[in-house]
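Chains as they are written, first to last, in our numbering: chain A, 1 to 271; chain B, 1 to 273.
Just so you know, these hints were derived from the structure itself, not from any lab. Each hint should be verified, as a subset may be incorrect.
[Said to hold, decoys possible] Which chain B residues stay away from chain A? Per the calculated CB distances, all over 12 angstroms, these:
#: 1; residue: Glu4
#: 2; residue: Leu32
#: 3; residue: Asp52
#: 4; residue: Ser74
#: 5; residue: Pro106
#: 6; residue: Leu113
#: 7; residue: Val130
#: 8; residue: Glu176
#: 9; residue: Ser177
#: 10; residue: Ser197
#: 11; residue: Gly221
#: 12; residue: Asn232
[Said to hold, decoys possible] From the structure, some residues in chain A lie toward chain B, with a derived Cβ separation under 10 angstroms:
#: 13; residue: Leu138
#: 14; residue: Val140
#: 15; residue: Val184
#: 16; residue: Val213
Given the structure is predicted, the values throughout are model-derived calculations rather than measurements. C-beta: ideal position from N, C-alpha, C; glycine also.
Take a look at the letters that make up each chain.
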Amino acid sequence: MGTEIPLLEWRQGRAAHRRRRAVAALLLVVLTLLSAWRCNVDFHSFATGIGKGVSLLELFFPPEWSGVSEMLQPIAVTTVIALIATLLGMCLSLPCALAASSNIAPRPLRLAMRSFIALERGLPEIVQMLLLVAIFGLGVIPGLIALSFSSIGMLAKLLADAIEEIEPHMLEAVEATGATRSQVIRYAVIPQILPALLANGLFRFEFNVRAGVILGAVGAGGIGFIMMTAMNSMNYQRACMATLLTLVLVFVSERVSDSFRARILDGGALR
Amino acid sequence: MTPEVPAAALPSRKFRFTVISLIGAIAVLCLLFAFLGMTPASFGVDFRFVLDVVQQMLPPHLPLLWNQKSILLSLVDTLAMAFLGTVAGGALALLLAFFAATNTAPHRLVRLLARTLLVANRSVPQLIVVLVLLIAVGIGPFAGLLTLIFGSIGMYGKFFADTIEQADKGTLESVESVGGTRLQTIRFAVLPQVMPSFVANLFYAFDYNLRAAIPLGVFGGGGIGFELAFANGLLHYKDVLAYTILIVVMISGMERISDWVRRGILTQPMATR
């Protein structure tokens, strides 16, 4: 038998629930209308835009198949940038995460590291990219640094949260054997967060491939740059070829990262 | 009888494995760097040059924020893009997800079509979408908004479809057995089950879209990203730094707020209707 609720209380609860829903719905509508006004949402320009977009997409076909051979190198550059940024991010996020978790690091260090991570997470890659281009000039390096930095930010936050969730008993058990702090980290912390590090790293790789295409367009090279220049010079068939290759790259990286992640989360790869 | 220790679990083997994989990782990293044509020297920068740029950036031109009303408005534009992109994209993703999930799709062919659409949508690079839309609907926040909607559909449609497929079968069958139509089944058996996950993910989507709205602005999609790219093009580094600070504050602040609202909504008791 369920607990019995007096009728009056039930009615009041229901009325309050409805009131809350009405307020939430009203808020949603007001915010939506306000956003629509700020974004110049205009169904007329949308309708004409569809026509324009379709006639533009017609210019995309047929794709410039002859461009494939020269685009393989930029595709590889984008992939390699994403790969290096992910690897660097994974390696460097581990010490950052250790320094940011409350059960390992002393308070001042933890606060400093947490605010550093928050800064990295709040700074979009493209903003870092624009600032770094001012320092390093156009090229692969600013893109690599921007992607590595934001990889560190994301991975360190997730890892630090994972470390803080480790059962205190585990740490105490290793400490009780007389282990030093570094031994505690080696034998109690790292084995527990390794799956999280690998799984999130794979996820981040997929993200870095997508972000690398965008950074390429503002000067990091790779396939994004090809796409941007092709669009700017109205060479739409070339842009189409670049898009198709990027599509394949994104699709494959997603599949690879998905399948590895599934294997890691099953626990098979780590034993 | 002593239990046999598998050879792979011996400490010496484990140590050897660690060392070999470490060396392998470093070698791969070196090869990758070599592929990009980089040597350690290429990371060395002329330090005077860095100092020069930093000097040009400091102090950030913060008075700009209250002297120039358009900056705050462009901030509002970015927030509006992210909000509307999340709401509209989420709604469309949910709609498509019902067509793509095995237990709610009207027909197998429809399901196949919806799934293919979602996969294609996920893989199309955002860059080409925004570049095409800029030509189609013109420069401004509307193009950025449409790109965000497009991206949100791809990102969340598949996820929602998977969530719907995991919905409890018994509930669906019980509504069907009292004569509920397909729409009624969705309304009374599926929606209540998927709604909490749907709402929680929309808050994450908002955070993601807010970050994604900045590069879209740089390419001409409006909002603060556009102002940033403009100031950067003019080499007004003091303004660039001011915008950067503003962006960091906005993103971190909105993350806190959306976290707080999400907790408030999801822990609120679901009273009986």
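Beyond 12 angstroms from each Cβ of chain A, as asserted for Ser177(B): holds (22 angstroms)
Distal placement of Ser197(B) relative to chain A, Cβ over 12 angstroms: holds (18 angstroms)
Non-interface claim for Glu176(B) versus chain A (Cβ beyond 12 angstroms): holds (25 angstroms)
Hint check, Val213(A) versus chain B [nearest Cβ-Cβ separation less than 10 angstroms]: With Cβ-Cβ at 5 angstroms, under 10 angstroms, it holds.
Non-interface claim for Pro106(B) versus chain A (Cβ beyond 12 angstroms): The claim stands: Pro106(B) keeps its Cβ more than 12 angstroms from every Cβ of chain A (closest is about 26 angstroms).
Asp52(B) non-interfacial with respect to chain A [C-beta, more than 12 angstroms]: violated (9 angstroms)
Interface hint for Leu138(A), Cβ within 10 angstroms of any Cβ on chain B: Check failed: Cβ of Leu138(A) comes no nearer than 13 angstroms to chain B, outside 10 angstroms.
Nearest-CB test (12 angstroms) between chain A and Ser74(B): Non-interface label on Ser74(B) violated, nearest chain A Cβ at 10 angstroms vs cutoff 12 angstroms.
Beyond 12 angstroms from each Cβ of chain A, as asserted for Asn232(B): violated (5 angstroms)
Minimum Cβ-Cβ distance from Leu32(B) to chain A exceeds 12 angstroms: Leu32(B) not clear of chain A: closest Cβ-Cβ about 5 angstroms, inside 12 angstroms.
Chain A versus Val130(B) - minimum CB to CB distance exceeding 12 angstroms, so not interface: Violated, because the least Cβ-Cβ distance between Val130(B) and chain A comes to about 9 angstroms, which does not exceed 12 angstroms.
Hint status (Cβ of Val184(A) to nearest Cβ of chain B, threshold 10 angstroms): violated (19 angstroms)
Of the hints listed earlier, those the structure fails to meet are numbers 2, 3, 4, 7, 11, 12, 13 and 15, in rising order.
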